[in-house]
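A.B. asks: Starting from the given sequences, assemble the full structure and let the hints guide the process.
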Amino acid sequence: MDLQRSAGNAAVCRMLDSRAALPVQRMPGEDTGEPEASASSRSATVISGHGRFGDNQRLPRNPDNPRSRALKATFTVPEGIELIVYAPPGAWLENEVAKLVESGEPPTADNLELVGPNNKRKPMPDGFPKTYTAGQEVINYKLMPLEAKHLAEGATSVEGGTLRDKVADLAEAHRAQGDGEAPLTVHYACCGVGSSSIPEIERLFEHRNYTVMLRTTSPSPSPEPEKPAKRRKK
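Mind the numbering: the sequence shown is residues 1 to 234 in this note's numbering, read in order.
Quick list of in silico lysine to aspartate or glutamate cross-link-like pairs, EDC-like style, CA-CA up to 16 angstroms:
1. Lys72 / Glu202
2. Lys122 / Asp110
3. Lys130 / Asp110
4. Lys130 / Glu113
5. Lys99 / Glu153
6. Lys122 / Glu206
7. Lys72 / Glu137
It should be emphasised that the hints constitute simulated quantities derived from the structure, not laboratory data. Quick caveat: nothing in here was measured; it's all calculated off a predicted structure.
C.D. replies: Below, the structure is given as structure tokens:
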């Protein structure tokens, strides 16, 4: 099973094409040879590849004091962005799930399940895929590339570093385009694996050893068979 487990120093970011179910978000200065779309149609993009958190991705709790030793695992979603995360903390993301997101057909929780050791299956945790809006905290994953064969058709690789930096760049580009009050939707179609030497952060990755996969079982647990009525002894 091909999972998003490559290593490297860049991110894979796919701008959805205009035929996809989600609208196009173009970066400033990009010449596509097509007429400029309206602001309402430039509202979504996908970050694809591999994501992993480590202690090097920790951030100062107080942004005004970057040298502080008080560190955290998360960053604050900036204004103008809503970020959709498909893999809960600790979980891998199956390539087939990521490809649906990249193709503009993002699956819902009813289409997904977590698969763990010994093929143990359980529903997605409450709220996932989860949408984070401006002001909410999201884990600052390191972004790394996948080979083209693991991506949906048309996906391209861009330079990257961390999810915080990529989201900040997208927010700045969105503001520069003057897209008004409508937020840019960023689909984070990457793994949520991670670890830390700090117990408080380590506990965030509670879905370790599980993979987000397309559902093959019923969304509702199978009912237990009825127990036969006990015979009364004479």
